[in-house]
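A.B. asks: Spelled out from the first residue to the last, the chains are:
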Amino acid sequence: MQFVAADDMAEREDEQDGEKEPSNMFNLKIVVLLFSVSLKMLFFPAYRSTDFEVHRNWLAITSSLPLEQWYTDETSVWTLDYPPMFAYFEFGLGFIAKWVDDEMLILDNIPYASLETIVFQRLTVILFGDLAIFAAVQAHHASAYDLALLLLHPALLIVDNIHFQYNGFAIGALLLALAWLPDRRLAPLGAAFFAIALNLKQTLLFAVPAVTLVVLISAPILQAVVSFSGVFLGIWLPFIKQTDVLIKRLFPFGRGLLHSYWAPNVWALIASLDIFASALIGGEPSPSTRGLIGFAEPFVIMPNPSPLGSLCMTILAMLPALFYLALNKGDRRTKLLIAVSHSFLSAFVFGWHVHEKALLLAILPLCFVAGHHDRWCSVFRVLCMSGTLSMFPLLYEPAELLPKYMLFLGFAAFLATTMNRNWTLIESVYYTGMIPIEIYSTFVHTKVLPVGYEFVPQALISCYCAVGIVFAYCRSTSILLSSISASKSQSDDGGQGQPKELKRD
Amino acid sequence: MMDWVLPLICSLILRSGVGLYPYSGERDVPTYGDFEAQRHWMEVTRGKPISEWYTYDVDYWGIDYPPLSAFHAFVTSFLIEAVDPAAVALFESRGYEEEGSRAAMRASVILWDMMVLIPAVFWFLSKRSISDSKKLRTFYYLACAPALLLVDHGHFQYNGVSLGLFVAALSSVISGRDVLGSIFFTLSMNFKHMTLYFLPALACYCLGRSRTRGLRYLAHLTLTILGTTFLIWAFFDVKVVLSRIFPVNRGLFEDKVANVWCSINPAIKLRNIFGKSTLLKLSGACTLVAILPSCFMVWKYPRPEVLVRALSICSLACYLLAYQVHEKQILIPQVAIGMLSEEEPLLAAIFSIFACTSMFPLLKREGQAISYLALLIIHAVFVYTTTIPKQKGRSPGFAIALSGTLIFIALLHLVEVLGPTVPTLPDLYTVMWTTASCAAFCTILLVLYLRLFQAVPRS
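So the protein lines, in turn, are chains P and X. For the first sequence, counting from 1, position 171 maps to 171 in my numbering; every step adds exactly one. To convert, take the position in the second sequence, counting from 1, and add 1000; that gives my numbering.
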């Protein structure tokens, strides 16, 4: 049957015309933004972790106590342990929260989650996160495709919009800074935003080496430094007498190497080897199987790193990114994004007491790169897939099973249909292997081994993801090293070498 | 085929997202709602012999859908039992709403959509020779219409199965396999009798076709329909089932529904003037008058494109004028108008919006206001991006009409939020929604009629 056949051709021409118009691109970005906001609204009633109450408590602290007590109050166990800029952010939200439901600002309401509170807090995550990322995309002159990768990333959705955190907001601020820093004219503004971003989330500190380097190379150093330190000091000034209190809150030393749920990094792999090895020898079981956080030395057989050793390894692992940024000529903005992503990835793979959510920091900057530089596709893909799988244990209630699987599959299909390049057999096998791993951990394990092995499902997922993430780290390092050597030979033989960044398009 | 993986998964993401919201009667002890009804039917069909399905304790959510629904509940109960046996234990499970069984029930709706509605929609699309972007639009209207998602995956029902069977019926009719189509349509009617709204148009189409194809064709169809019906009904006492599924005693309308009878109720209290049997005759006569011209046209010109138009007119007229209409039955005209989304993009877009607003009081009561809002934004975004760029060079009427509709809806929401509560008129805003939606539906019906008479002589 053919209801309409007439103006089919004319319409196709229309579509092609439309793609060239820049205003259409902006419209498309608005479409992605609106879709993202409304999709995330669907997840309002989903499971919320204790982080929801943590942030509610911070709202109460900042709106009901004087500034001096923000970092000393211990009414609730969920004390304020984010940097001052985030505290100001909560303070600002308090003014709107008052109109929504003033009960949520009462310090002694532990826990409190009225319908209004849920809608309000969820909505602030969506609006501030999505708008910050949208602004960053505009500043990078990036495409609607990049925006979709960022806003609809299932890992971000799971952590921010279901589990509940404000990562999108903090990372959006960082990405905004990264867009302006390499630009000679806008560098001071970028430096100011970098100071703000650092004060939203202290884990962004790992970007400091790369950012310092790019300022040294390309920006007007004095202006950038003045702007950065001005904003930084301005943020810290009200707390100047309590610096030691704040530092203690922000960097709680004395935690163990592994988080209760192993983040999928090198230590997770070593921990599982350690368990096998100690089981073979018949020695004491490793304490890391009991899900305890406070162990500085979790390994029985394998060598235990010290916090300083772990930090040294992180910095060593970062070095290729710094050399790449320093040596290679080319689009400095893209290179900065790559270097920052690699820095976060190094910190994730070798860091001390890493949270699984920290992988977002490595994934999101790459969203600007992966769509345009084929060599980074496989790194990006592996990070996305294993990163998202590793977030699955965060949502353990039955109601969220289907949404999280669908988000994962949807993103996988999106990547497969739009980024269909250098997809190797090993990669496909690895992704397919995720299915039995997840099925076993979620549905089968409790029926097969009921007691005494509760750590197995999470450890299994963690180790499986760790394989992919460590692979992504190695691949990223090798790409960086090959770029460095290429640029060296290029400068040696007077520009005869091959240009390395092959742009798509 | 790869191109369809992403839209398919997107439709599943939306479904699973809507499913996070409360279902009808969640934790509403002891009355509950449709979720408990569906769960209870699984419990009854699982625990009782087939002869007692329609007679066992009918006062507590007894089955009031045709037998295929009962079989469907029986099949689904195995899935629920696999997840949580306590959820379908006879009698013990009344009001059972645990996390695991809730997730399994939600998943079962999605699973049935995957098995019936979505394959049927893909079949329908394969029968139409239009570009992929147009197919995407039709796919959206048939498989992801906001009202459908809100009712099936939010409120909790299995309309997707009956609508899917109808789409399958129409796909076969379009490809000329009327006998196969009549089997699917019979199944659809025997799943949910609300698809009866389509029957007059389809019957006239077949009568029209029989003018050229002869009595043999008609006999084949009749035998198939009777045979299928007999197979389904053979296990049951027809009288008992009929009295369960056609509750004439329940009156002209019950809850607030966006049809003509409910909308004129504030002005003319028909229910106080006439008795129930008079009202039954009155609504029957009015419906007949409203659908007759479309039936005549499809009898006169028995072609697929006329059939689809007649089906949308016929079902919409039935929704507006028939006896004992429920608000959720708006899904019936919606699927027919969804099939017209290429010929009437504006009508389809606007109709989908009003289909949601007509149920808004119900959705709000059930705690689905936010998912309603989210789906409407997605709907607007989808229509603006996929339809409006295609209208370039033509009159801007489409964008104006759609924006006007959205602004109108937004204003109504503002009125409801900011307006005063009148103690003497507790249903004031409910009536506002149903009346506004009813007015929109009447206009759409008139336009559909107009376009039918315009379109037929041309083709």
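One or more of the hints may lead you astray.
If you want the ones that stay clear, here's a sample from chain X, every Cβ over 12 Å from chain P, calculated [what the hints assert, rightly or not]: (1) Gly-1019; (2) Ala-1104; (3) Gly-1227; (4) Asp-1255; (5) Arg-1271; (6) Pro-1293; (7) Ile-1370; (8) Phe-1382; (9) Pro-1396.
Here are the simulated lysine to aspartate or glutamate pairs, EDC-like style, with alpha carbons at most 20 Å apart [what the hints assert, rightly or not]: (10) P:Lys-447 with X:Asp-1084; (11) X:Lys-1048 with X:Glu-1026; (12) X:Lys-1364 with P:Glu-116.
Hints listed in this document are in silico derivations from the structure and should not be mistaken for laboratory results. No residue lacks a Cβ here, since even glycine has one placed at the ideal position from N, Cα and C.
A.B. asks: Hints broken by the structure, by number, lowest first?
C.D. replies: 1, 2, 7, 8, 11
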